[in-house]
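Visitor: These are the residues of each chain, in order.
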Amino acid sequence: MITSSLIVFVGLLLGWWFYGRKPILRATDPDALERLQPGLFRALANRLYVDEFYEGTVIAFTRFFAAFAAGLDRWVFGGAVKLVAWIVTGFGWLDAGVDRFVVNGGFDEACREVGRGGSLFSRFENGRVQRYLGVIALALVVLGVMLLWGHRG
Amino acid sequence: MITLLTLLPFVGGLFVLLVGRNRALARLVAMLFGVGALLITCFFWWGFDPQFPGMQYEVLHPWVPSLGMAYHVGVDGLGILMLALSALVVVISLAASWANENHDRLYFALVLFLECGLFGTFTALNFVHWFIYWELSLIPAFFLVRLWGGPNRARASMLFFLYTMVGSIALLLAFLAIFLATGQFDFVQLAQLGQSGQLTTALAQNLHWSGNPQHLALLVFWGAFLGFAVKTPVVPFHTWLPRTYSEASSETTMLLTGAMSKMGVYGFLRILLPIFPHQMQQEMKPLLWMAVATIVLPAFAAWVQKDLKRTFAYSSINHLGYCVLAVCAVASFTGTTAEAAIEKSAALTGVLLQIFSHGLTAAALFWFIALLERRSGGLRGIDEFGGLRRVMPVFSGLMGIAIFASLGLPGLNGFPGEFLIFKGVFALAPWAASISVLGLLMTAVFLLTVIQKVFSGPVNPRWEAMPDLTTAERWVFLPIIGLMFVIGLYPQLITGMVHVTVAQWAAGVRF
Amino acid sequence: MLAWTIYLSFAGALVARLCPSKALARAVALLTALAGLGISLVTLRRWIPGELVTVANIPWIPQLGLSFHLAADGISLTLLLLTGIAATAGILFSWNIEHRTQEFFAFYLVLIAGVYGVFLSFDLFLLFVFYEIAIIPKYFLIAIWGSVGRGAKNANPGSQREYAAMKLALYSFAGSALVLAGMAATWAASGGHSLSFEFLAQYPFSSHFQFWAFPLVFVGFAVLAGMWPFHTWAPTGHAAAPTAASMLLAGVVMKLGAYGCLRVAMMLFPRGLDPWGFHVLGIGSWRDVFAVLAVIGIVYGATVALVQRDFKFVIGYSSVSHMGFVLLGLMTLTQIGLDGAVLQMFSHGVIAGLLFAVVGRMVYDRTHTRELGELGPLRLAHVIPFAAVTFILAAMASIGLPGFSGFVAEFQVLIGTWHTFPGLILFAGIGILIGIAFTWRALTKAFYVEGPPAEHPHPLPPITIPEKLGSFLLLASTLIVGLYPRILIDLILPALNSPLFDGLRKGAWR
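Chains as they are written, first to last, in our numbering: chain A, 1 to 153; chain B, 1 to 511; chain C, 1 to 510.
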C-alpha cells in the first residue's frame with residue numbers, strides 16, 4: 001500500500017519535473033526527454049527497435065529457410081529424380097550400343113568369317129588338276145611328318 | 001451394394017462417351033451419375049451402424065483361391081468416410097468443370113472412371129483386388145493431366161505416372177513376399193498376423209532368409225512404405241506433386257488433391273499401420289523425421305512460390321503431413337498401456353477429420369483459383385492481382401473463408417483435425433510435435449500472404465472490371481462453405497461415425 | 001480331334017495357294033484359322049483337369065523307335081489356344097495384303113500347322129520335324145512381304161528384308177542344330193528304343209549325361225525364345241516382318257522355344273538343373289545361369305527399348321524383355337513360378353500380337369513410317385482414335401496392369417522368384433519399371449504429342465472391320481484371362497503335377 005503510493009508519488013514528481021516546469025507550447029517543439037536524454041528518447045520512439053530486431057532475426061531466417069526449402073525441393077529432391085532418369089536412359093544407350101555392335105555385330109561378323117573361311121577353303125578346289133595334285137602332295141608331307149613324329153615319341 | 005456403387009461411375013463413364021458429341025449433354029449425364037453416386041454414398045452413411053466393430057456391407061467371393069485372390073469388399077468408419085469424401089469431391093469437380101469449355105465428354109468420362117477407381121480402392125479388402133483399383137486409377141489421372149494441362153504437362157504427367165509406379169511396384173513386390181510367406185492377401189487376416197508378430201517369422205522361414213528375420217521384415221515394410229510415401233506424398237518422395245498440380249487444369253487438380261491424395265494416407269491407415277506395427281515402431285525415428293520434414297519444408301517452400309497453384313500444392317503436402325505424423329506417432333506406441341489409448345485415439349480421429357476437411361477445403365480452394373484464372377484470362381501468379389476485395393467482395397469473402405479453414409481457424413473445418421492431431425502427437429512424440437508447430441506457423445504466414453497480395457492492398461488497375469461471383473456460382477458454393485462451418489462447429493458428425501474404428505486401432509488389438 | 005488343327009492348316013494352306021481369287025484365299029485362311037481355334041475351344045470345354053489326351057500314336061520308323069505320337073496336356077492346350085487366337089487375329093490383320101495374297105496365306109498356314117504340330121508332338125523327333133517345318137515359311141514371309149525401317153537408307157528394301165529374314169533363319173537353325181545334337185545323344189543314351197516323351201521322361205539318364213545334355217538342349221530352344229545374348233534376331237526379325245508374321249513370330253514362335261525349354265530340356269533332363277557343387281561368382285548350377293541370363297534379358301530388353309526411335313523396334317525389344325519373365329519363371333522351379341511362366345507365354349503371345357497389330361497394321365500401313373519422331377506430329381489420337389485406344393489398352397496389358405493377363409502371369413513369376421532367387425527380385429522389379437517407362441514413352445510419342453500437326457499427303461483410311469474384329473478378339477482374350485485366370489490356371493497346374501514332371505518335382509518344388 002505504502003510502496004504503491006510512493007511509486008505514484010514518484011511518478012507524479014517525475015512527470016512534473018520533466019513536463020510540468022516548462023510546458024511544451026507546440027507539438028513540433030522537442031520533447032523534454034528528448035532534450036535531456038536524446039538517446040533514450042530515440043530508443044523509445046523507435047519502439048525499442050523490437051521490429052527491426054525481429055526483422056533481422058526471425059524474418060530473415062524465415063526468408064532464408066523458405067528459399068532453402070524451395071531450393072532443396074528443386075535441386076536436391078528434384079535433381080535426384082532427374083539423375084535416376086539420366087542413369088536409366090544412359091543404360092539404355094549403353095545396352096543399345098552393346099546390342100548393335102557387340103552382340104548383333106558379333107553375330108554378323110561371325111557369319112562373315114564363316115563366309116571368308118568358305119572362300120578360303122574354296123581355293124583348294126579351283127577345278128584344276130594341278131591344284132588337286134599339289135594339295136595331295138601337301139597332305140602326304142603332313143602325314144609323313146606326323147607318322148615320323150609319332151614313331152619317335 | 002458396394003459393387004453397385006463402384007460400378008456406377010464406370011458405367012456412367014461409358015455412357016458419357018457414347019452419349020454426347022454434345023458437350024452440354026455429356027456434362028449433364030456425368031453430373032447425374034456423380035450425384036447418383038453421392039446419393040448412394042449418403043444412403044450408405046445413414047445405413048452405417050457406428051457401433052458395430054467390424055466391416056459392414058461386406059461381400060466375399062473366392063476368385064482364384066490358389067493365388068489367394070478373392071473379391072472382398074467392406075467398409076468400416078474409415079471406408080465410409082473415404083467414400084463420402086470421394087463422391088463429394090467428384091461432384092464438386094464436375095460442377096467446376098461445368099463452365100470450362102475445354103473439358104469435353106472424354107474429360108467427364110475420365111473423371112467418372114477415376115471415381116470408380118477411388119471407390120474400389122477405398123472398399124477393397126484383399127490386396128490383389130485392391131491393387132487393381134490402385135493401379136487402374138492412375139490411367140485416367142494420367143490422361144486427365146496429359147490432355148488438359150498446361151504447357152509442361154507432358155513432363156509433369158510422365159513424372160507423376162512413373163514416380164507413382166515406382167512406389168506401386170515396390171509395394172507389389174513387398175506384398176508378393178508376404179503372400180509367399182503367409183499364403184494370404186486378405187488385409188484383415190494379415191493385420192492379425194502382423195500384430196501378433198507372426199508375419200516376421202513367416203517371412204524369414206519361407207524366404208530362406210539366412211540373416212536376421214527382423215531385417216527381412218523391415219525390407220518388406222520399406223517396400224510397402226515406398227508405395228504409399230510416393231502417393232501421399234512424404235518428403236523426399238514428393239517432387240512430382242507441385243509440378244503435376246500446377247500443370248493440370250485446376251478442376252483436375254481439385255480431384256487430385258481432394259480425393260486421389262487421400263489414397264496414400266488411406267494406405268497408411270489400412271495397410272501399413274495394421275500389418276506392420278512392429279516395423280513402424282522399430283523405424284520410428286526415420287519415419288517421424290520424414291513426417292516432420294513433410295510438414296515443415298513444404299510450408300516454407302510455399303511462401304516463396306509465385307504461382308498460386310504451386311503455393312497450394314505445397315500446402316497440400318503440408319496438410320497431409322500432419323496425418324502422416326499422427327500415424328507414425330501412434331505406431332510408436334503400439335499395443336501398450338491404456339493411457340496412450342486416449343492420445344492415440346485423439347491423433348487417429350484427428351487424422352480422419354483432417355483427411356475429410358482437407359479434401360473439402362483443397363477442392364474448394366482450387367475451384368476458386370480456377371475461377372480466378374478464367375476471369376483473368378489464364379493468369380494465376382500471386383503478384384498478378386491486388387485489392388480484389390474491393391472489386392469482387394463476395395468472391396474474396398468466400399475464398400477467404402476457405403483459406404482460413406485451410407489455416408485451421410477454430411470454427412471452421414480445418415481446426416478439429418489439426419487440434420486433435422497435435423493433442424495426440426504432443427503426448428506420443430513431443431519433439432516431433434514441437435518442430436511441426438513451425439509448419440502450422442508457416443502455413444498461417446503464407447496463407448495470409450496470399451490474402452494480402454491477392455485481396456488486399458491497392459486495386460490492380462487491370463482487374464477493376466473483374467466480375468464477382470454469379471448467382472449460380474454463389475448458390476453452388478453455399479453448401480460447400482456451409483459444410484466447412486458445420487464440420488468446424490460440429491465435428492461429431494464425422495467422429496460419431498468413426499470412433500469405434502479408431503478405438504480398435506488405438507487398442508492395437510483388432511483391425 | 002486335336003490333330004485336325006494340324007491337318008486342316010496344311011490343307012488350308014494348299015487350298016489357299018490354289019485359290020483363283022484373293023478374296024477366296026482370305027476366306028479360306030480365316031475359316032481354317034477359326035476351325036483350329038474352334039477345335040481348341042471345344043477341347044477346353046470338355047477338358048478334365050490333369051488329363052493327358054493321346055491324339056495319335058502310330059509307329060513311324062519302328063527300327064529307330066520313332067512314332068507319330070501326338071498328345072496334349074493342359075500346357076499344350078493353353079498354347080494351342082494361343083495359337084488359334086493369334087492365327088485368327090493375324091489373318092484378320094492381314095486382310096489388306098494385295099501382293100501375292102494366296103502365297104502369303106499359304107506360307108502363313110504352313111507356319112501355323114508347324115506350330116500346332118510342335119505343341120501337339122509327344123515324340124521328340126516329331127517335335128523336331130515340326131519345329132523345322134515352322135522355320136521355312138518364316139524366311140519367306142519376311143523376305144517377300146516384310147517392311148523396313150529408316151535404318152539403312154543406302155541399301156534397298158529388298159536386301160534389308162532378306163538380311164532380317166536370313167538372320168532369323170540362321171539363328172533358328174543354329175538353335176535347332178543344338179537341339180538335333182542333343183536329340184541324337186538322347187536317342188543313343190536311351191538305347192534307341194523310342195523318342196516318346198512318356199518313355200524319355202521315365203528313363204534314368206545318368207546325372208553326368210543330363211549335366212551337359214540339359215544346357216545343350218535348353219540353349220538350343222532358348223535361342224528361339226529370345227534368351228540374352230542370343231536374342232538379336234528377334235527385334236530385327238520382328239521389325240522387318242509383315243504385321244501378321246510379327247504377331248505370330250513374337251506371339252507364338254518365341255513360345256515354341258520356351259515350350260521346348262520346358263517340355264524337352266526341363267522335363268527330360270531335370271538333373272541338369274541340380275547344383276554343381278561349386279560356385280562361380282555366386283552361380284552354382286545351370287539353373288542359376290539361366291535365371292541370371294533371364295533377368296539380364298528382362299532389364300536389357302527394357303533399357304534398349306527405352307532409346308529406340310523405331311516404333312516396331314520398341315515392341316521387338318519389349319518381346320525380349322517379356323520372354324525374360326517366362327525363362328525366369330521356368331528357372332524358379334516352383335509350381336507357382338512355372339504356372340506363371342506358362343501363363344506369361346499365353347499372355348505375352350496375345351499382347352505382343354495386339355501391339356504389333358496396332359504398330360504394324362493400323363499405324364505403319366497407313367502412315368508408311370515407323371519413326372516415333374514422325375508419328376507424333378501426325379496427331380494419330382485424333383485421326384485414328386481406335387488405334388490410340390487399342391494401343392493404350394495394349395500398353396496397359398503390356399506393363400502388367402492388374403485386370404489384364406500379364407499381371408497374373410508376372411506376379412506368379414515374381415512370387416517364384418522371391419522363393420528361389422530373392423537376390424534377383426530387385427532387378428526384376430527394375431525391369432518392370434523400365435518396361436513401364438518405355439511403353440509409356442512410345443505411347444505418348446506416337447499418339448499424344450502436342451504441337452503443330454504435320455501435313456499428311458493424303459487422309460488416313462479409317463480402321464476397317466477386320467482390324468476391329470482382330471483387336472476385339474485379342475483384347476477379350478487378355479481381359480478374360482486377366483479377370484478370370486482360373487480358366488487357364490486350372491489347365492496348367494494339374495499338368496505340372498502329372499507324372500511326366502516327376503523328375504522335375506523331385507528335385508525342385510515342395
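These are computed hints drawn from the structure, not numbers from a lab.
All C-beta atoms in this analysis are idealised placements derived from N, C-alpha and C, irrespective of residue type, glycine included.
It is possible that part of the hints are untrue.
To give an idea of the interface, some chain B residues facing chain A are shown, with a C-beta separation under 10 angstroms as derived from the structure [what the hints assert, rightly or not]:
| no. | residue |
| --- | --- |
| 1 | PHE15 |
| 2 | TYR57 |
| 3 | LEU162 |
| 4 | HIS238 |
| 5 | ARG243 |
| 6 | ALA299 |
| 7 | TRP303 |
Visitor: Take the hints in turn and mark each one as holding or not.
Guide: Status of the hints after comparison with the structure:
| no. | hint | verdict |
| --- | --- | --- |
| 1 | PHE15 | violated, 39 angstroms |
| 2 | TYR57 | violated, 41 angstroms |
| 3 | LEU162 | holds, 8 angstroms |
| 4 | HIS238 | holds, 7 angstroms |
| 5 | ARG243 | holds, 8 angstroms |
| 6 | ALA299 | holds, 8 angstroms |
| 7 | TRP303 | holds, 4 angstroms |
In summary, the structure is inconsistent with hints 1 and 2 from the numbered list given earlier, while agreeing with the others.
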